[in-house]
Amino acid sequence: MTPDARAKMELLRGRVHRLQALIDGILEYSRAARAAKDREEVDVAALAREVVDLLPRREGAVVEIAEGLPRMRTERVPLQQVLMNLVGNALKHARRDDPRVRLTARDAGDRWELAVDDNGPGIAPRYHERIWGLFQTLEARDKVEGTGIGLSVVRKIVERKGGRAWVESAEGSGASFRFTWPKEEGDGR
Amino acid sequence: MSGEMLNILLVDDDEVDVMNVRRAFEKMKVRNPVFVAGDGVEALELLRGGKVPRERLLVLLDIHMPRMNGIELLRELRADPDLKRLSVVVLTTSDEERDKIEAYSYNVAGYILKPVTFAGFAQMMAALDKYWALVELP
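Read top to bottom, the protein sequences are chains V and Z.
Taking this note's numbering, the leading residue of the first sequence gets 3, the next gets one more, and so forth.
Taking this note's numbering, the leading residue of the second sequence gets -1, the next gets one more, and so forth.
Just so you know, not all the hints are guaranteed correct.
[To be verified] Per label pair, the in silico range of CB-to-CB distance: (1) V:Ala37 / Z:Glu53: 55 to 63 Å; (2) V:Pro58 / Z:Lys128: 51 to 59 Å; (3) Z:Gly118 / V:Glu52: 49 to 57 Å; (4) V:Val64 / Z:Ala120: 53 to 61 Å; (5) Z:Phe116 / V:Arg108: 53 to 61 Å; (6) Z:Pro113 / V:Glu187: 41 to 49 Å; (7) Z:Ala120 / V:Ala23: 31 to 39 Å.
[What the hints assert, rightly or not] The list that follows gives simulated cross-link-like pairs (lysine-lysine, DSSO-like), each with its CA atoms no further than 27 Å apart: (8) Z:Lys128 / Z:Lys27; (9) V:Lys10 / Z:Lys27; (10) Z:Lys25 / V:Lys10; (11) V:Lys94 / V:Lys10; (12) Z:Lys49 / V:Lys145; (13) Z:Lys25 / Z:Lys49; (14) V:Lys145 / Z:Lys112.
[Claimed, not checked] Sample of chain V residues with no beta-carbon within 12 Å of chain Z, all distances over it, derived: (15) Arg33; (16) Leu49; (17) Glu66; (18) Glu77; (19) Arg102; (20) Thr106; (21) Glu187.
Everything labelled a hint here was simulated from the structure, so no lab data went into it.
Model, not experiment: these values are computed from the prediction.
Beta carbons: idealized from backbone N, C-alpha and C, even for Gly.
Pulled out of the complex, with its shape left as it was, chain V reads as follows (with noise of 0.2 Å):
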């Protein structure tokens, strides 16, 4: 093959690849709405700790579980793919090779309020909205692959457990990914 048509090769593989996660991200934002599931006991620890063996491992990066995360009875998948989402933005979007990813809880009375932090590049506060929109990223998919679907189901899945999810960050020093989850799940939810 030339090294023109391996070129092309290259880039057609990559373009189906975005494709099969355009597929995946669409799906995965329509369940996002659907009616709750039976509740279970879920640790949070274990949950993230699975999450990390999930996500695909990256040389050099640490993903810390704090102390003090809670058990509650609650939706496992839904909660697990927040964390999925999160975590995995923190590690994709660090742009250094010793990405720290931790994730920490505190108790908001009637809710636990999680958070993911990074060392990455962090986000101007006028992006702070943006990137929970749909299909939105702030790099062009060239560069960083991506469809700009995730944090619209992070959002999407936590709105729906009555709860709220939001960034903090300044340009230039890591983000705070946080998202609140209810301590008691009433049978509406």
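With the hints as your guide, set chain Z onto chain V.
Okay, now just chain Z, sitting in the frame of chain V:
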């Protein structure tokens, strides 16, 4: 057509789309360099930094982009006394009515759906060429 005298700023984040437009220009023997910006923020930097000539400049604008999308860029352009007269043609996969209406409300010269056909593109360029000829009459 006097394509030789045209300056193009292509605002698009997708390398395949950039490739397609370059090919279209080659076919049409437009030899001017095509300036490329990856999103609205980059386009504004190029335009305001004087890195792109503003005479006979055609902006080809995608809608869905990182950081600042096409509609937001249009809003910025039309609010800037130095840039508000730029000719902009939207080049997008978005067939959404809302995007079209918004784009036209910012006075775009055309709205072309991707994938771009050479015929459609050539037609639009010919129309613009006429428009410029009229505008530049002494």
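Outcome of the hint check:
1. V:Ala37 / Z:Glu53: 55 to 63 Å: holds, 60 Å
2. V:Pro58 / Z:Lys128: 51 to 59 Å: This hint holds: roughly 54 Å between Cβ atoms.
3. Z:Gly118 / V:Glu52: 49 to 57 Å: holds, 51 Å
4. V:Val64 / Z:Ala120: 53 to 61 Å: The hinted range 53 to 61 Å holds for Val64 of chain V and Ala120 of chain Z, with Cβ atoms some 55 Å apart.
5. Z:Phe116 / V:Arg108: 53 to 61 Å: Given a distance of about 59 Å, which is inside 53 to 61 Å, the answer is holds.
6. Z:Pro113 / V:Glu187: 41 to 49 Å: 47 Å Cβ-Cβ, so the 41 to 49 Å window holds.
7. Z:Ala120 / V:Ala23: 31 to 39 Å: At roughly 35 Å between Cβ atoms, Ala23 of chain V and Ala120 of chain Z fall inside 31 to 39 Å, so the hint holds.
8. Z:Lys128 / Z:Lys27: holds, 18 Å
9. V:Lys10 / Z:Lys27: Holds, because 23 Å separates the two Cα atoms, which is no more than 27 Å.
10. Z:Lys25 / V:Lys10: holds, 20 Å
11. V:Lys94 / V:Lys10: holds, 25 Å
12. Z:Lys49 / V:Lys145: holds, 23 Å
13. Z:Lys25 / Z:Lys49: This hinted pair holds, its Cα atoms lying about 26 Å apart.
14. V:Lys145 / Z:Lys112: Between Lys145 of chain V and Lys112 of chain Z the Cα gap is close to 22 Å, so the pair holds against 27 Å.
15. Arg33: holds, 23 Å
16. Leu49: Consistent with the label, Leu49 of chain V stays out of reach of chain Z, its closest Cβ about 31 Å off (over 12 Å).
17. Glu66: holds, 29 Å
18. Glu77: holds, 32 Å
19. Arg102: holds, 25 Å
20. Thr106: Thr106 of chain V clear of chain Z: closest Cβ-Cβ about 29 Å, beyond 12 Å.
21. Glu187: With a cut-off of 12 Å, Glu187 of chain V remains clear of chain Z, as the shortest Cβ separation is near 36 Å.
The structure is consistent with each of the numbered hints, conforming to all of them.
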